[in-house]
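Per our numbering: the sequence shown = residues 1262 to 1369.
One or more of the hints may lead you astray.
[To be verified] Result set (DMTMM-like, lysine to aspartate or glutamate): computed pairs, CA atoms no more than 25 Å apart in a straight line:
#1 1312 - 1356
#2 1312 - 1351
#3 1312 - 1287
#4 1312 - 1358
#5 1312 - 1328
If you're looking for bench data, these hints aren't it; they were derived computationally from the structure.
Computed from a prediction, not measured in an experiment: that's the story for all the values here.
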Amino acid sequence: MLCLFATGCASTGGKNSDKTDDFPAEPMLFADWQYRGFGQDYPSWAESALKEGESAAVQIQFAQNLDMLISHEAEEPELNAVQETWVYIDPYYEEYEYRYAYIKILEE
């Protein structure tokens, strides 16, 4: 019985030794976003807008917590807003001082 146990442990080591040391993949930029809990897809358009920065067609508002953005969200929607959402930036990305952002794409 001891011999079978030792053989079983030795064989599992062989499987793991064939794998290369993969670096863990970077997490998605957003750890949470508006309506994620209801099945809303990852807002890749918001990621692109955040990386490009604010412009005439993109408005970005940052905050320390979601409560600061909720009051902004409750305002009347702008007529020229094409898309808008709030997002929570994953702490892995340390270059962002604030974790929450409200992103709007406006008509040009």
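Taking the earlier hints as the rules, which of them does this structure contradict? Hints that this structure does not satisfy do not exist here, as all of them hold.
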